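*Asks:* Each chain is listed here by its residues.
There are 2 protein chains.
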Amino acid sequence: MTELILTTLDWVPEFPRGFVRDLRIRWALEEADIPYQIATTPVGDAEARLPFQPFGQVPWLTDGDITIFESGAILLYLGEGSTALMPADRPGRAKVMEWLFAALNSVEMPAVPWSLYRWADDETQSPARAHLERFLDGRLNHMEAVLAKGDWLTGPFSIADIAMSDVLRQLRSYDVFAKRPACQHYVERATARPAFKKAYADQIAHFEAADVERTARSE
Amino acid sequence: MTELILTTLDWVPEFPRGFVRDLRIRWALEEADIPYQIATTPVGDAEARLPFQPFGQVPWLTDGDITIFESGAILLYLGEGSTALMPADRPGRAKVMEWLFAALNSVEMPAVPWSLYRWADDETQSPARAHLERFLDGRLNHMEAVLAKGDWLTGPFSIADIAMSDVLRQLRSYDVFAKRPACQHYVERATARPAFKKAYADQIAHFEAADVERTARSE
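Protein sequences appear in the order of chains A and B.
Position one of the first sequence corresponds to residue 148 (my numbering), numbered consecutively onward.
Position one of the second sequence corresponds to residue 148 (my numbering), numbered consecutively onward.
Note that these hints are calculated values from the structure, not bench results.
Careful, some of the hints might be misleading.
Since the list can't tell identical chains apart, any single copy or any two copies may satisfy a pair.
[Unchecked claim] The calculated lysine to any residue pairs, modelled on SDA-like cross-linking and capped at a C-alpha distance of 20 Å, are:
| hint | residue 1 | residue 2 |
| --- | --- | --- |
| 1 | Lys344 | Glu360 |
| 2 | Lys345 | Asp284 |
| 3 | Lys326 | Glu161 |
| 4 | Lys296 | Leu197 |
| 5 | Lys326 | Gln272 |
| 6 | Lys296 | Tyr347 |
| 7 | Lys296 | Pro201 |
| 8 | Lys345 | Ala329 |
| 9 | Lys296 | Val190 |
| 10 | Lys296 | Thr214 |
| 11 | Lys326 | Gly239 |
| 12 | Lys296 | Ala352 |
| 13 | Lys296 | Phe202 |
| 14 | Lys345 | Ala325 |
| 15 | Lys326 | Ala235 |
| 16 | Lys345 | Gln272 |
| 17 | Lys344 | Arg327 |
| 18 | Lys296 | Gly203 |
| 19 | Lys344 | Ile181 |
| 20 | Lys326 | Phe202 |
Just so you know, these numbers come straight off a predicted model, no measurement behind them.
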């Protein structure tokens, strides 16, 4: 078996560190105890990424002849090879698949656009913004009810929890959890897992090493 | 084998007809020539749907003891059972999975929030809105380059094309295709398929039958 290669950016500014989406993949690989190498692509050269990632983004995973992009698809690809990430039986797989898509298509869909208002420090009120806020609030209220019922979404921890907790984690600084303790405790449980901590520390270390290299080059 | 049951709303107003997400599932079932029954849930009673769909939405699919929600997950579940929807080999599956997630997490993510401005007839300009428009434009520009290369995303038609063309189709009335002929022709190719036409006509007929019943009840 050839070793898996996870490609991410060679450098990013401080702000997105700890949130670049290779984190989801690092986390899954740590949970499943699968060895992997990191490869990099220059942050400023989106064009060079297009043959591997058609939107010019990261991450992508290389497994011998197969190259796969989209963090959700990579999680599922890895999940098919490890019961630490997804059960092998059809009912168990179905549950993980529905919650994986729920994280990325039902919760992240309003979460990322809503974050644009925060990133831009944009206080402009408008009917569409009100719709978006109701959309996100509704999704989070439903998640609060779901997450109050158990530790993980589908019984055992799975790739669905990696995706969902990573989506919710990105909202943490925006105060949406004050009235949603189940969401908050879920994110705390997920990020307390040794595999998350290792993945997070590795991503931070990767970009810090790039800082050192940049500074050395510019001196 | 028990017959599959696809649950959708009992009635919706004119506006969303032809776009309710059971359409994606009807379409896949027609492509794979799998028989199914339609069941309904009262449009006004989201609470009653929560045991099957945790956000109170539709559709969900029942396959004997398995019930599965999220249109992306249902497409994948059906794809695993039919090579008319997804190849069975690992490299082919990986390609379909990455493009299925790309449709729902990379393209639909800015498309739906952007639609909120159109639905609300909201002309308010703001920095976040400008970000969102650049986000969507960027994704569509990349899709234009991809779709200029071939008829379907991964070689043969697949569930990835059902998801991607359905996401793009919802933007058609918003004039984003004027400068993107490859996107436009792709949507035209997809919606010309007999399976799409059957699925679309069946959804329209389903809601029209509900109109007749409502009228009869109110007389």
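*Asks:* Now tell me if each hint is right for this structure.
*Replies:* Each hint tested on the structure:
1. Lys344 - Glu360: neither (24 Å within a copy, 57 Å between copies)
2. Lys345 - Asp284: Neither: 31 Å inside a chain and 36 Å across chains, both beyond 20 Å.
3. Lys326 - Glu161: This pair counts as neither: shortest intra-copy Cα distance 29 Å, inter-copy 37 Å.
4. Lys296 - Leu197: For Lys296 and Leu197, only the inter-copy Cα distance (13 Å) is at most 20 Å; the intra-copy one is 42 Å.
5. Lys326 - Gln272: For Lys326 and Gln272, the Cα distance exceeds 20 Å both inside one copy (23 Å) and across copies (31 Å).
6. Lys296 - Tyr347: Cα proximity of Lys296 and Tyr347: none, with 27 Å in one copy and 38 Å across.
7. Lys296 - Pro201: Cα proximity of Lys296 and Pro201: across copies only (12 Å, versus 39 Å in one copy).
8. Lys345 - Ala329: The answer is neither: 24 Å in one copy and 43 Å across copies each exceed 20 Å.
9. Lys296 - Val190: Neither, since 41 Å and 26 Å both go past 20 Å.
10. Lys296 - Thr214: For Lys296 and Thr214, the Cα distance is within 20 Å only across copies (19 Å; inside one copy 37 Å).
11. Lys326 - Gly239: Neither. Shortest intra-copy (31 Å) and inter-copy (44 Å) distances fail the 20 Å Cα cut-off.
12. Lys296 - Ala352: neither (36 Å within a copy, 39 Å between copies)
13. Lys296 - Phe202: between (37 Å within a copy, 15 Å between copies)
14. Lys345 - Ala325: Classified as neither: same-chain Cα gap 28 Å, cross-chain 47 Å, threshold 20 Å.
15. Lys326 - Ala235: neither (36 Å within a copy, 45 Å between copies)
16. Lys345 - Gln272: neither (40 Å within a copy, 42 Å between copies)
17. Lys344 - Arg327: Result: close neither inside a copy nor across copies, 24 Å intra and 44 Å inter.
18. Lys296 - Gly203: The answer is between: 17 Å across copies meets 20 Å, while 39 Å in one copy does not.
19. Lys344 - Ile181: within (16 Å within a copy, 45 Å between copies)
20. Lys326 - Phe202: between (36 Å within a copy, 18 Å between copies)
The structure is inconsistent with the numbered hints 1, 2, 3, 5, 6, 8, 9, 11, 12, 14, 15, 16, 17, although it conforms to all the rest.
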